[in-house]
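Chemist: Letter by letter, the chains look like this.
Protein chains: 2
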Amino acid sequence: MQHVEMESMTEQAYRCWLQYETILNKQEEAHYWSYVQTISLQKETLIGQAIKRELNLAVESMFGKTSTWQEDAQLVLTTVADKARLRKHGINQEEIAELNEEGYIIKEKDNQLIVVGASEKGLLYGVFHLLRLISQKQSLTDLTIQDAPQNQIRMLNQWDNIDGSIERGYSGQSIFYSNGTVTTDEKRLTDYARLLASVGINAISINNVNVWKEETHLISERYLTDVQRLEEIFQSYGVTVYLSINFASPIELGHLDTADPLDAGVQQWWKEKVAEIYSYMPRFGGFVVKADSEHRPGPFTYERDHADGANLLADALSPYNGMVIWRCFVYNCMQDWRDRKTDRARAAYDHFVPLDGRFRDNVVLQIKNGPMDFQVREPVSPLFGALQQTNQLLEFQITQEYLGQQKDLCYLVPMWKEVLQFDTKVQGEGSTVQSIVNGSLYQAKISGIAAVANSGDEQSWTGHTLAQANLFGYGRLTWNADLTAEEILHEWIVLTFGHEEKLKRVLSEMLLASWSIYENYTTPLGIGWMVNPNHHYGVNVDGYEYSRWGTYHFADREGLGVDRTRESGTAFVDQYAKENADRFNALDQCPDDLLLFFHHVPYTHRLKNGKTVIQHYYDSHFEGVTDVEWLISEWQSLKSLIDPYRYKNVAERLQLQLSNAREWRDQVNTYFLRKSGIPDADGRKMYE
Amino acid sequence: MQHVEMESMTEQAYRCWLQYETILNKQEEAHYWSYVQTISLQKETLIGQAIKRELNLAVESMFGKTSTWQEDAQLVLTTVADKARLRKHGINQEEIAELNEEGYIIKEKDNQLIVVGASEKGLLYGVFHLLRLISQKQSLTDLTIQDAPQNQIRMLNQWDNIDGSIERGYSGQSIFYSNGTVTTDEKRLTDYARLLASVGINAISINNVNVWKEETHLISERYLTDVQRLEEIFQSYGVTVYLSINFASPIELGHLDTADPLDAGVQQWWKEKVAEIYSYMPRFGGFVVKADSEHRPGPFTYERDHADGANLLADALSPYNGMVIWRCFVYNCMQDWRDRKTDRARAAYDHFVPLDGRFRDNVVLQIKNGPMDFQVREPVSPLFGALQQTNQLLEFQITQEYLGQQKDLCYLVPMWKEVLQFDTKVQGEGSTVQSIVNGSLYQAKISGIAAVANSGDEQSWTGHTLAQANLFGYGRLTWNADLTAEEILHEWIVLTFGHEEKLKRVLSEMLLASWSIYENYTTPLGIGWMVNPNHHYGVNVDGYEYSRWGTYHFADREGLGVDRTRESGTAFVDQYAKENADRFNALDQCPDDLLLFFHHVPYTHRLKNGKTVIQHYYDSHFEGVTDVEWLISEWQSLKSLIDPYRYKNVAERLQLQLSNAREWRDQVNTYFLRKSGIPDADGRKMYE
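So the protein lines, in turn, are chains A and B. According to full-length UniProt numbering, the first sequence holds residues 1 to 688 in order. According to full-length UniProt numbering, the second sequence holds residues 1 to 688 in order.
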């Protein structure tokens with residue numbers, strides 16, 4: 001009894017954006033019911049079954065009634081293969097030709113609705129689109145929608161370990177593993193697959209990129225039956241499963257004495273291993289690899305390069321159309337803070353640009369959005385644009401490692417939009433990151449976007465209920481990068497919380513402001529870090545200043561920032577196309593929000609807004625706290641419009657955020673006051 | 001086979017100062033053998049058996065022969081009770097009357113040797129003294145020694161946990177517990193008891209002062225049989241066993257709903273509990289209690305004070321002559337760094353001085369040597385002198401928590417000497433700390449010294465072989481505080497490494513310089529901290545600067561230090577007797593080595609040596625590293641004189657110390673260069 005109550009209390013948090021709220025308005029109910037009372041679906045494949053399940057669930061929930069599944073129906077679900085049916089509904093060949101294999105058409109005519117998928121997967125996406133339209137109360141009359149994803153791979157990386165922990169996870173334990181075994185909670189995994197498919201995510205790697213001892217065995221008999229079980233669940237929602245592998249597997253699993261990529265025995269071992277994996281899972285996606293990075297093994301051990309390493313796996317995977325996703329997060333993590341010449345920001349470019357063109361065509365390099373590591377503000381990685389003959393995936397981080405860890409609010413879509421819109425200029429104006437990752441700029445065979453998931457086994461999936469917006473937004477944006485952050489947010493709010501105008505307005509304001517608020521009270525002007533070592537939550541100005549991680553702010557009594565100019569610094573700027581390089585290099589042209597990333601400036605340097613750097617630091621830290629107080633009062637104004645569980649979940653986290661923001665403000669301001677000796681121009685309370 | 005070899009390789013490290021090296025010189029052999037060839041010992045009590053075992057072991061090892069135990073003998077071992085024998089050997093009543101109950105007389109006459117203990121324990125100490133004399137090759141002819149310990153309690157605190165870990169332990173795992181059970185390795189415990197008895201340690205608490213969930217049960221049926229087993233081992237070497245207890249035991253073990261010291265049910269519970277413990281161990285020593293400190297439970301929960309809490313236990317223990325050792329390490333560990341009025345250094349005095357006179361006479365307060373927490377240099381705790389009607393134990397830390405963790409060399413006896421010799425002046429000149437802890441100044445019923453042990457299950461007991469000197473030195477100094485640090489060291493070197501003059505000279509120089517070397521490259525001038533949080537090893541200048549622990553240096557662009565003066569600071573100085581208070585308070589009188597403990601000064605402040613504070617900081621950090629290099633070359637010069645295992649053990653640690661010292665030098669110098677902007681006067685290499 002208590003369990004049921006608890007479940008119903010938390011149900012809304014659990015359902016995320018798939019609420020399928022009961023339609024109470026009679027007129028609306030009549031309109032939508034007229035379409036879904038009868039449904040036809042030909043094939044009963046795995047994906048077909050998922051489509052049917054989802055529609056039954058949604059219809060039951062929205063109408064309290066069940067659809068009749070029959071040959072002649074008001075709602076027709078089919079694929080392009082069904083030419084007769086297309087003709088009957090007046091859908092012509094041109095419309096179809098424009099679709100890529102994951103696209104679909106939704107068309108209404110004479111009170112009949114058809115959803116045509118370019119493939120079954122396309123049909124699945126079309127059905128989720130239709131359900132989204134109904135949930136948003138959009139009229140279906142005379143509807144014509146033709147839609148397809150812009151990016152080929154739209155992937156999630158789970159950093160889950162078999163012991164149930166999640167590296168950089170802030171939403172409980174893994175839903176994939178618990179207590180050293182692969183989960184048997186298939187209901188939960190199915191619901192996760194539904195959430196992902198509903199926003200178009202089509203790929204997932206199901207274990208941590210740091211592949212530890214036990215996880216190395218995921219590609220062995222010990223686990224393959226279990227992995228296959230999960231794979232089937234995701235496959236039925238159009239989500240292809242990948243595994244992160246240990247480059248030293250031939251040694252650890254195969255008991256060879258080497259993992260050298262040019263060794264014939266090693267090559268043979270991987271061929272047999274891959275054959276074994278595909279015998280369990282014919283639609284297996286391939287491998288994700290973190291090699292020679294942060295002490296993980298890799299080809300460097302054998303004096304081979306990353307192309308040798310990636311191609312080894314690519315050759316083994318190629319007969320099955322499998323893919324190697326090779327991460328570019330390679331840098332010297334034993335740096336000496338005394339050494340101001342070495343620049344971690346340079347590392348990915350320096351390692352991988354010389355290898356451009358040497359990778360097999362089923363290798364794709366996965367590149368973090370910025371050159372450092374998911375800081376609150378970084379320039380775009382210069383690898384985008386510089387790599388021209390290599391498949392590329394952009395890597396985002398949905399989990400808020402450096403961005404408040406789902407205690408602090410931070411809606412990430414605006415940041416991701418900036419990255420995608422960044423113009424690398426390598427092929428002239430319009431060479432945006434988006435044009436690279438959607439494959440158009442260099443006609444890449446494989447491309448797309450991956451991101452580290454923010455989900456776990458908490459009721460809300462994401463710890464902070466409002467962090468669901470980031471998972472949703474990630475899917476929607478990677479599907480269609482032309483959507484604005486606001487559009488995505490409005491969709492999410494309506495689907496998650498309903499149609500109240502006040503909810504929409506207030507939540508939009510809160511979430512759209514949240515990134516900038518977080519930046520204000522932490523590390524504005526592009527400097528980053530200043531966090532507590534290891535766990536990365538909370539302020540510690542010198543926390544990484546004398547570390548081996550290459551993460552410094554170089555604050556002294558005159559100023560701060562990292563000199564990455566070509567004249568006096570590390571010349572990192574020159575990894576960009578000339579126009580961008582010149583802009584970042586020139587103190588008067590470099591955008592203020594990246595100023596300290598590229599320049600070491602005196603505290604008295606004037607920003608474009610006329611303020612000195614130090615005054616901007618004080619101001620933004622005072623404002624950051626005030627803004628969190630504003631977030632709290634905004635949220636409180638929504639109390640009557642939100643169920644108690646989700647209200648409390650967010651309200652509690654906003655209080656944590658407020659203490660965090662205050663601590664950031666006071667420590668940062670005191671640190672720089674002590675160092676610069678320059679008082680606040682407004683004479684506000686600071687601690688000496 | 002391999003095991004045996006390993007054992008013989010490490011045997012010398014294991015034996016510490018009880019080497020009992022074979023006597024090779026014929027003349028010496030003949031001299032000593034003439035005394036030990038026949039021995040008489042009357043009683044075969046537990047301690048008597050231990051004495052016999054020790055002599056048999058030593059004689060076998062030194063002479064390769066066995067003594068004959070017989071009534072008439074060359075060596076007579078007896079106690080004051082044996083009046084007939086004393087008369088026979090011409091020992092008169094005055095000599096005996098001067099001894100306290102742990103004292104002894106050793107007398108040689110006509111090639112006969114007698115050791116008389118004021119008690120059996122005294123006899124045990126006398127025998128160890130005799131063996132020390134032989135090991136040091138001192139002639140026994142016409143010897144007369146009359147010796148007794150100056151301090152009543154000479155205690156070790158083991159911070160061992162039942163899971164086998166040791167809080168602040170740097171020498172492996174516990175020898176008392178492993179894998180969640182009390183050890184069955186009684187050989188090792190017996191050898192530990194021998195080591196302690198040989199230097200006069202007469203009390204030991206066998207579990208961590210932080211008493212966690214499982215350890216709470218040490219005073220319950222679950223463990224008492226095991227504890228009794230250990231207690232018997234230590235008792236047979238004259239070492240009384242104590243247990244650290246959880247103040248909330250009545251709740252956790254007794255399932256009462258309170259632990260209120262004034263509650264009759266709680267009082268009754270403790271009475272019964274103590275009766276139960278003494279039914280297992282009639283000679284049990286009593287309880288060590290850390291209450292209301294760093295989140296441990298205590299009387300504050302019930303709005304009672306520490307006298308109420310301690311007296312509760314004292315009343316229960318009193319029928320058995322048991323003792324309550326109540327720690328004074330009580331302070332606010334949730335301090336706000338913004339608050340410069342609260343001063344952790346004040347806390348112990350502020351808490352306990354108002355309670356002076358309110359404790360039962362079987363309560364003894366255990367007071368850390370300094371007001372903070374075992375930093376490399378602190379003033380003496382002002383509780384010494386201020387408490388006049390309360391039993392007191394001085395607490396040292398042998399384990400090198402903040403002093404290099406037995407990776408870095410730090411011989412501690414010179415520091416302890418300074419503490420004992422400090423003149424509190426409360427009763428005029430000569431009111432030294434030693435006169436308080438030996439009970440003479442205030443005629444205390446109970447007094448003495450306790451220290452946190454530095455031992456563990458590594459072969460050498462102390463990780464760093466040379467850290468054995470601290471365990472030895474602690475015992476010898478607490479026995480006789482008039483011994484100099486050099487005298488103790490010379491004894492230890494000869495007993496541990498043998499008689500080579502070069503060894504004696506070089507090792508003396510190394511160890512006597514080591515505290516000052518460590519201070520130089522870490523935190524000179526009394527400021528302390530600047531370490532990595534939690535584990536406390538290695539430099540992190542701001543590591544505790546914005547913490548909740550009350551541990552700040554307040555370095556800003558102009559200067560550093562904590563203002564504890566009466567005029568502008570926290571007035572901590574006034575916790576000392578006026579003469580000391582005035583001296584610490586006056587900038588020009590305060591000793592330089594404590595300057596920053598008491599004063600916030602500009603970097604340009606001139607020390608008594610004419611240097612500025614900042615220049616002294618640079619100099620001492622450069623010198624510290626050079627001095628470690630000197631330690632290394634000194635040690636290397638001893639290579640041929642030391643067995644390979646111990647040589648390597650120390651050589652490896654000296655290298656770790658060198659990297660540690662370099663990192664301290666560079667980070668501290670860079671930190672202060674960046675903050676002060678003042679360059680090194682000597683233009684040495686510094687990193688900006």
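Worth flagging that the hints you see were computed from the coordinates, not collected in a lab. Among the hints, a few may not be true.
Any copy will do: because identical chains look the same in the list, a pair fits if it lies in one copy or spans two.
Mimicking EDC-like on lysine to aspartate or glutamate, the simulated pairs with C-alpha atoms at most 20 Å apart in a straight line are [unchecked claim]:
1) LYS425 to GLU378
2) LYS425 to ASP263
3) LYS109 to ASP257
4) LYS65 to ASP315
5) LYS52 to GLU509
6) LYS639 to GLU44
7) LYS445 to ASP315
8) LYS26 to ASP680
9) LYS685 to ASP361
10) LYS685 to ASP336
11) LYS43 to ASP373
12) LYS685 to ASP339
13) LYS685 to ASP142
14) LYS445 to GLU634
15) LYS341 to ASP666
16) LYS685 to ASP556
17) LYS341 to GLU663
Chemist: Now tell me, hint by hint, if it's right for this structure.
Modeler: Structure-based check of all given hints:
1. Proximity of LYS425 to GLU378 under the C-alpha cut-off of 20 Å is restricted to the intra-copy arrangement: shortest distance 18 Å within a copy versus 62 Å between copies.
2. Within a single copy, LYS425 and ASP263 get their C-alpha atoms no closer than 41 Å, and across copies no closer than 79 Å, so neither meets the 20 Å cut-off.
3. Neither within a single protomer nor between protomers do LYS109 and ASP257 lie at most 20 Å apart by alpha-carbon distance, with minima of 67 Å and 74 Å respectively.
4. In this assembly of identical chains, LYS65 and ASP315 lie within 20 Å of each other by CA distance neither inside one copy nor across copies; the values are 52 Å within and 76 Å between.
5. Proximity of LYS52 to GLU509 under the C-alpha cut-off of 20 Å is found in neither arrangement, the shortest distances being 37 Å within a copy and 85 Å between copies.
6. Proximity of LYS639 and GLU44 under a CA criterion of 20 Å is satisfied in neither setting, with 45 Å inside one chain copy and 82 Å between copies.
7. In the homo-oligomer, the alpha carbons of LYS445 and ASP315 lie at most 20 Å apart inside one protomer (16 Å), although the nearest pairing across protomers, at 84 Å, exceeds that limit.
8. For the identical chains of this complex, LYS26 and ASP680 are neighbours neither inside a copy (61 Å) nor across copies (83 Å), given an alpha-carbon limit of 20 Å.
9. Taking CA atoms no more than 20 Å apart as the test, LYS685 paired with ASP361 passes in neither setting, with 60 Å inside one copy and 51 Å between copies.
10. For the identical chains of this complex, LYS685 and ASP336 are inter-copy neighbours only, at 15 Å across copies versus 37 Å inside a copy, given an alpha-carbon limit of 20 Å.
11. In the homo-oligomer, the alpha carbons of LYS43 and ASP373 never lie at most 20 Å apart, since the shortest distance is 45 Å inside one protomer and 74 Å across protomers.
12. For the identical chains of this complex, LYS685 and ASP339 are inter-copy neighbours only, at 13 Å across copies versus 37 Å inside a copy, given an alpha-carbon limit of 20 Å.
13. For a Cα distance limit of 20 Å, the shortest separation of LYS685 from ASP142 qualifies neither inside one copy, at 62 Å, nor across copies, at 78 Å.
14. Taking CA atoms no more than 20 Å apart as the test, LYS445 paired with GLU634 passes in neither setting, with 47 Å inside one copy and 66 Å between copies.
15. When the C-alpha separation of LYS341 and ASP666 is checked against a cutoff of 20 Å, the pair qualifies only between copies, where the shortest distance is 17 Å, while the shortest distance within a copy is 32 Å.
16. In this homomeric assembly, LYS685 and ASP556 come within 20 Å of each other (Cα to Cα) only across copies, at 17 Å, whereas the closest approach inside a single copy is 23 Å.
17. In this assembly of identical chains, the alpha carbons of LYS341 and GLU663 lie at most 20 Å apart only when taken from different copies (19 Å versus 33 Å within one copy).
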